Every structure is written in structure tokens, then in C-alpha cells.
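Participant: Going line by line, the protein sequences match chains A and B. Start counting the first sequence at 1; every next residue gets the next number (my numbering). Start counting the second sequence at 170; every next residue gets the next number (my numbering).
Just so you know, these hints were derived from the structure itself, not from any lab. No experiment lies behind these values; they were computed from the predicted model shown. Where hints are given, some of them may not hold.
Said to hold, decoys possible - Listed next, the stretches of chain B that the computed footprint assigns to chain A, with coverage defined by at least 3 CB atoms under 8 Å from CB atoms of chain A:
no., segment
1, 291 to 297
2, 335 to 344
3, 360 to 366
As the list claims (entries may be wrong) - Label pairs and their in silico Cβ distance ranges:
no., chain 1, residue 1, chain 2, residue 2, range
4, B, K354, A, A112, 35 to 45 Å
5, B, S403, A, A20, 29 to 39 Å
6, B, D273, A, W159, 52 to 62 Å
7, A, S129, B, K407, 13 to 23 Å
8, B, R437, A, L52, 57 to 67 Å
No residue lacks a Cβ here, since even glycine has one placed at the ideal position from N, Cα and C.
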Amino acid sequence: MLADWLAFPLLGGLLMIQTAIISRLTLLSGSGDLILLALIAWALHERVRSALVWVLAGGLLVGWVSGMPLLLPLIGYGLVVALARMIRRQVWQIPLLAMLFVTFWGTLIYHALTIVVLQFSGSPLPWESALTHVTLPSLFLNIVLAFPVYALFNDLANWLYPETVVKNA
Amino acid sequence: MKTLVSRFWQTALVLIVASGLILLALSGYLHPLLRGVMSPLVGVQQWISSRYIAAYQFLTAPRDMASLQQRNLELERQVAELQAQVIELQQQLREAQVIYALLDFARAHPQNQYVAANVIGRDPSPFLHYVIIDRGSDDGIRHGMPVVTSQGLVGRVDAVTAGAARVQLITDAGTIVNVRLQNSKVEGQVHGSVTGEISLEMIPQDTVIQLGDLVLTSGLGGTYPPDILVGQVSDIRKQPNQLFQTAVVQPVVDFSTLQAVLVITNFRPIQLAPLIPTPIP
């Protein structure tokens with residue numbers, strides 16, 4: 001419950017860092033996405049029961065601040081977190097590797113969705129230009145940022161969901 | 170009587186000997202003798218003096234070292250403080266220069282009313298070119314108001330809250346600005362792109378465009394006031410099989426280092442939507 005309450009202030013703080021600093025640190029036209037990485041790291045943690053509130057908080061905050069259509073971040077982050085939860089449940093036992101895997105595919109999914117939606121909402125984005133100048137540099141930056149974000153949110157999740165030891169009588 | 174005479178002669182003898190020695194010394198005949206006598210004394214004096222100075226330094230050095238180290242620390246702290254002050258003053262100077270430039274621009278265009286604002290953030294999505302400014306509806310900012318700097322056009326207000334606003338830059342892929350070329354008076358459109366480059370479109374093929382031509386807002390469409398500088402033609406792309414020629418425009422505003430902007434508050438964009446006919450079913 002505390003974790004759900006923390007979603008808005010934590011992601012709000014991250015969004016402030018994102019808009020004030022990370023969005024200015026560009027590689028070509030790409031930039032990292034702290035909110036996406038935070039949601040992936042949170043969703044991949046083995047003891048986190050639900051990431052739904054975090055997706056809602058992140059999606060609504062980004063949709064409110066950004067010039068994108070309001071529902072686009074909500075849907076995009078929802079898809080990426082769903083991928084992370086699926087990966088966590090079924091396949092991967094090495095969380096850091098899973099973090100990198102979901103960061104890679106999550107960035108591609110989120111950017112593809114953004115390009116499609118912006119095409120239909122009056123901002124023509126050439127696929128080739130968007131891929132080479134925005135998506136690939138953003139992918140690189142996201143993978144670089146994935147390590148510190150994972151470490152931070154792993155510790156946070158460990159603190160909020162401490163491991164319970166069952167003693168046999 | 171005899172004693173007095175002998176004392177007189179003794180005194181005279183002493184005086185004569187003394188005078189003789191003085192005369193010999195002044196004339197230089199005693200130098201070898203004096204050197205031979207004085208050299209050991211000077212050597213002894215030097216040895217005593219050097220030992221005394223060494224002993225004095227040995228006894229007083231620790232106290233001086235401690236005081237010097239303390240003084241050094243104080244000076245280092247002062248240097249650090251002064252360096253911090255220099256950096257702060259340089260920052261203030263840069264901000265003041267930006268503000269003075271904006272003030273000069275506002276004075277040069279007295280027909281407009283301005284609200285100055287700081288750029289406090291950028292859009293989280295790399296596909297969009299928007300900035301967030303620290304002035305909102307409480308400061309008189311409204312949707313659609315043009316935003317400029319002392320160099321030229323920045324964009325227009327896209328969304329407003331009480332204390333902040335989001336500005337869509339002219340480099341955004343969704344932006345279209347109606348413009349004209351200053352020299353040829355030909356009108357066209359400037360389009361943004363996902364990479365942040367802006368291009369001049371819809372220029373007829375028979376129009377002569379030259380590198381370096383200035384691009385100004387035309388005011389057509391009522392979205393922006395006329396005659397605001399947008400940029401300069403930096404490359405021309407003319408293909409004979411197309412209806413229009415295009416050109417790459419170098420914006421006059423450096424959007425990567427945008428710190429402060431002016432919002433033109435007495436310009437209200439014209440809403441053309443009610444004038445566009447809708448098909449009757």
C-alpha cells in the first residue's frame with residue numbers, strides 16, 4: 001500500500017529530473033526515459049505484487065506534462081510493463097539481464113507506438129529519420145541508464161517489500 | 170717630583186705608541202697582522218652565530234609550521250569562496266546579458282506587450298520539441314500566444330496552467346509557420362521536423378531563392394504576428410519534377426541553449442475553424 005502511495009511523488013520527482021536534465025542530454029535527437037526505466041525496474045522486482053498504480057501514475061504524469069496525446073504514455077507504459085511482468089513470471093531468473101532485455105524491446109515498442117500515434121495526430125514523422133535520429137540513440141541512452149535505475153529501484157523495492165523468512169517448527 | 174716626571178713620560182710614551190699604531194693601521198701596514206688575529210675570531214663568531222640560528226629555527230619552526238598551515242587552510246578556503254563567487258557572478262552576468270538582450274528587443278518593438286519567462290524544462294518525449302516555461306495563466310499567458318527571443322521566433326504557447334506553460338517550438342514536427350522571404354517577398358511555409366531542422370516549403374519553382382535570404386513570419390493565417398525573424402536560407406533543394414522547391418532554413422534562435430523567452434501577450438491568434446465550411450449531410 002505504501003508503495004502505491006509513493007508512486008506519484010517518486011515518479012513526479014523523476015519526471016522533474018527528466019524534463020530539467022535528461023531531456024537536455026541528447027544524443028543526436030534521442031534522449032533517455034527515466035520513467036520508462038523506473039517502471040520496468042519496478043515491474044521486474046520479484047516481490048512487487050502490482051505495478052498497475054505505478055503505470056497509471058507514470059502514464060498520467062507524462063501525458064499531462066508532455067505534448068503527446070494524453071493516453072499515449074499510459075498505453076505505451078502499460079504495454080512495456082506487461083512485457084516486463086510476463087518476462088519476470090515465465091522466463092528470466094537473472095533480473096539485470098531481464099532489465100536490459102525489457103529496456104531494449106520496451107523502448108522499441110514505446111517509440112513505435114509514439115511514431116504511429118503522432119503520424120495520425122498531425123505530426124508527420126519519417127520512419128527512417130525517427131529510427132536513426134531518435135530511437136536508436138534513445139535506445140543506447142536507455143541501456144546506459146538502465147543500470148543505475150535498476151540498482152535504485154531494486155533497493156527501493158527491497159525496502160518496501162522486505163523478504164519474509166518462514167521458520168519450520 | 171721625580172714620580173711626576175716619570176708618569177708624564179709614561180703617558181707620553183703610551184700616546185706615542187698609540188698614535189704610531191693608529192698611523193700604521195691607517196697606512197695599511199698592520200693589515201696582515203690584523204688579518205691573522207681577526208680571522209680565527211671571525212670564524213668562531215660565524216660558527217657561534219650559525220649554531221644559534223640553527224637552534225633558534227629548530228625551536229621556533231614547529232610553531233611557525235602550524236601557524237603557516239592554518240594560514241594556508243584559511244587562504245585555500247578564501248580562494249574556494251572567491252571561486253564560487255566568481256562562478257556565481259559569471260552566471261548572473263550571463264543571465265543579465267540574456268535579460269538585457271530581451272529588454273532591448275522589447276524596447277525596439279514597443280507595439281507589443283511582453284512577459285519574460287525562464288525555460289525550466291523540455292518535453293520528456295524526444296519526438297517532440299516543446300519547452301516548459303515558468304509563467305502561466307496567472308501572468309496573463311494564454312493558449313496560442315507567440316513566443317520570441319531577442320534573436321527571433323521561438324514558437325507558440327500550446328498549453329497553460331496557473332504557474333507554467335508549454336511552448337511548441339518552430340522546430341517541432343507538428344509546427345507550420347507561414348513565412349515570407351525578405352528579399353523576394355515570396356510567401357511559403359516553414360515546417361519543423363523530428364530532428365529539429367526546419368525547412369522552407371511551398372515555394373514556387375520559378376522563384377529565385379538565394380543562400381542567406383532572411384525568412385520572416387508573414388502573418389498569414391493569424392497564428393503569428395508579421396515580420397518576426399525566423400531564420401536564414403542555408404541550402405536549396407530544387408527538383409524539376411516537383412511542383413515546389415524547398416530550402417533548409419537555419420533558425421536564428423539556438424534552441425539547444427534556450428534560457429529565457431518573451432511571450433507576446435497582446436497578440437491573440439485568430440481562430441479560423443469557424444470560418445472553414447463543413448460539409449452539410
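Participant: Now look at each hint and say whether the structure bears it out.
Facilitator: Verification of the hints:
1. 291 to 297: holds (count 7)
2. 335 to 344: holds (count 5)
3. 360 to 366: holds (count 4)
4. B:K354 - A:A112: 35 to 45 Å: Given range 35 to 45 Å: holds, Cβ gap about 43 Å.
5. B:S403 - A:A20: 29 to 39 Å: holds (31 Å)
6. B:D273 - A:W159: 52 to 62 Å: Given range 52 to 62 Å: holds, Cβ gap about 54 Å.
7. A:S129 - B:K407: 13 to 23 Å: holds (21 Å)
8. B:R437 - A:L52: 57 to 67 Å: violated (43 Å)
In the structure shown, a violation is registered for the earlier hint numbered 8 alone.
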